[in-house]
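Fit chain B to the given chain A structure using the hints.
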Amino acid sequence: MNYNNFPIISDTLTQLIDELHKLPGIGPKTAQRLAYFIVRQTKKDNDDLANAIFSVSNNIVYCEKCQNISDSDPCRICINPRRDHSLICVVEDPMDVMAIEKSNCFKGLYHVLHGSISPLNGIGPDQLKIKELFDRLKSDDIKELIIATNPTLQGEATALYISNNNSNRDIVMTHLARGLPVGGSLEYSDDITLSRAFQGRQQLDR
Amino acid sequence: MNSIKTYTTAGIILKYIPYKEADLIVTLLTENTGKVKAVAQGARRIKSKFIGHLEPLTIINGLLIKGKTLDTISQVDIKQSYPEFYMDLNRLSRGLYICELVDQFAPENEPNKPLFRLTMRILSILTNSTEIDYELALREFEFQILKISGLMPELYNCVSCNTSIIPNDHNYSAVGGGVICTDCSSNIQTSPMSLSAIKLIRFFDNKSILEDSQISISPETIQEVKSLLINSIIHWLERELKSNNFINHLKSLNNNKTDLETDRMTMKG
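Protein chains in written order, with my numbering: chain A, 1 to 206; chain B, 1 to 269.
Bound conformation, chain A alone (with noise of 0.2 angstroms):
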């Protein structure tokens, strides 16, 4: 929205709430109460904001390697010698990076896609680093490549895609157990989940 047409509003307090409209998810009422927010705010505050998205736009850079967001090319990931540089997990986006470093469960390297393959919204594997991925695994010393895409049919369709179209043959690709999530409940699971479950079924410790 244009609130050029209001002059009673400061100029420099307009073009903020123009600028905060642009964000995901912020209309033009919370962009309004956002930039009173930020007028009230102390300038020591307003400072720190104003530097981290500045330095955002300035210092991040994608890791040629594993295309993640990151300060430095290469990525403190993909140098650190105590990972397992064999294993690649392949992730739609880098916030799927933080979910899986938060629980503390995988040691090797990734790949992030930054999507996944959309045909009804005219995303192919071009527009994605799938290239890039197909490129390391010629190049680089890989045993597996895990495909951690989302459970949807998007995801599936790139883990398909990656599968079928992978030359590099003695590399052991696997895909992420798919089943029932803790706390779930059985009553509103799905036929797909439900099989692949069932499928995964795993015999208990006596």
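Note that these hints are calculated values from the structure, not bench results. Incorrect hints may appear among the rest.
[Claimed, not checked] Covered stretches of chain A, going by a simulated chain B footprint (3 or more residues, C-beta under 8 angstroms): (1) 117-124; (2) 156-167; (3) 174-184; (4) 187-199.
[As the list claims (entries may be wrong)] BS3-like cross-link-like pairs, simulated, lysine-lysine; straight-line CA separation at most 30 angstroms: (5) A:Lys29 with B:Lys257; (6) B:Lys20 with A:Lys22; (7) A:Lys129 with B:Lys68; (8) B:Lys257 with A:Lys138; (9) A:Lys22 with B:Lys226; (10) B:Lys37 with A:Lys102; (11) B:Lys68 with A:Lys143; (12) A:Lys143 with B:Lys20; (13) B:Lys47 with A:Lys102.
Just so it is clear, CB atoms sit at the ideal spot from N, CA and C, and this is done for glycine as well.
Frame of chain A; chain B shown alone:
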């Protein structure tokens, strides 16, 4: 007092887009009210009761609450899901192509039972047939969706001079709206149309492959009919079909693979 208006319906999930923090806006083709857009609150949370129920190409029974602009999905039960789409990228790409066609041709909130039945039938064929069979069925689907929408190409008379089309090779004009006889084709931009292509589309009009007919058609004719019908679809929609680009991408990859295999076999021989 406000009364909440709810309705129960069967529906085919066509697509969804993320909405707010964890919601989805789902587009579905319902049996009774046509294409509907509805919000599924919290559907992106991993423990949501909607998880796995609202993926495209799933047939559901749903309880929806009528809204001013968007309805709200209250309860969902899966009527039929197709695991075949999760295992075969070729079938999946065709399934999404069906979703895009239905989404583009079906107007919102207008009951369209013939389209619902047609879509249910084509999804069943797509998941239970060989590639040559489902490709043929898809051509009939393209024709039938044009026919249901009132945009059926003219097949019996020349769209320019209105003379009856004699059994021969002719031309086709998407802009003109059907077959053009050889005498008139120089005036309008056309594509060549073989006699077998005319016969096949006329067959779609009179009988139905989707209703268990067993006929054998050459892949070349199926491809020719596809390009003619796609031209008509693009002409009426005034836009490219995004999912068709993906199908073409997969086809070119498959062709490359086949060429490589042939080269390998030749070298071995």
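Hint-by-hint comparison with the structure:
1. For the stretch 117-124 of chain A, the stated coverage by chain B holds: 6 residues have a C-beta nearer than 8 angstroms to a C-beta of that chain, and at least 3 were required.
2. Residues of the stretch 156-167 of chain A with a Cβ under 8 angstroms from some Cβ of chain B number 6, which satisfies the need for three, so the listed coverage holds.
3. For the stretch 174-184 of chain A, the stated coverage by chain B is satisfied: 3 residues place a CB nearer than 8 angstroms to a CB of that chain, which reaches the threshold of 3.
4. Three residues within the 8 angstroms Cβ limit are the bar, and the stretch 187-199 of chain A against chain B gives 7, so the coverage statement holds.
5. Note on lysine 29 of chain A and lysine 257 of chain B: the hinted pairing is violated, with a Cα-Cα distance of about 55 angstroms set against a maximum of 30 angstroms.
6. For a cut-off of 30 angstroms, the pair hint linking lysine 20 of chain B to lysine 22 of chain A stands: about 15 angstroms separates their Cα positions.
7. As the CA atoms of lysine 129 of chain A and lysine 68 of chain B are separated by approximately 41 angstroms, the hinted pair breaks the 30 angstroms bound.
8. With a C-alpha separation of about 18 angstroms, the suggested pairing of lysine 257 of chain B with lysine 138 of chain A holds against the 30 angstroms cut-off.
9. Our distance criterion of 30 angstroms between C-alpha atoms is broken by lysine 22 of chain A and lysine 226 of chain B, whose separation comes to about 42 angstroms.
10. With a C-alpha separation of about 36 angstroms, the suggested pairing of lysine 37 of chain B with lysine 102 of chain A is violated against the 30 angstroms cut-off.
11. For the hint pairing lysine 68 of chain B with lysine 143 of chain A, the CA-to-CA distance comes to about 55 angstroms; that exceeds 30 angstroms, so the pair is violated.
12. Restraint check for lysine 143 of chain A and lysine 20 of chain B: not satisfied, since their Cα atoms lie roughly 40 angstroms apart, outside the 30 angstroms limit.
13. Distance restraint check for lysine 47 of chain B and lysine 102 of chain A: the Cα-Cα separation of roughly 19 angstroms lies within the 30 angstroms cut-off, and the hinted pair is therefore satisfied.
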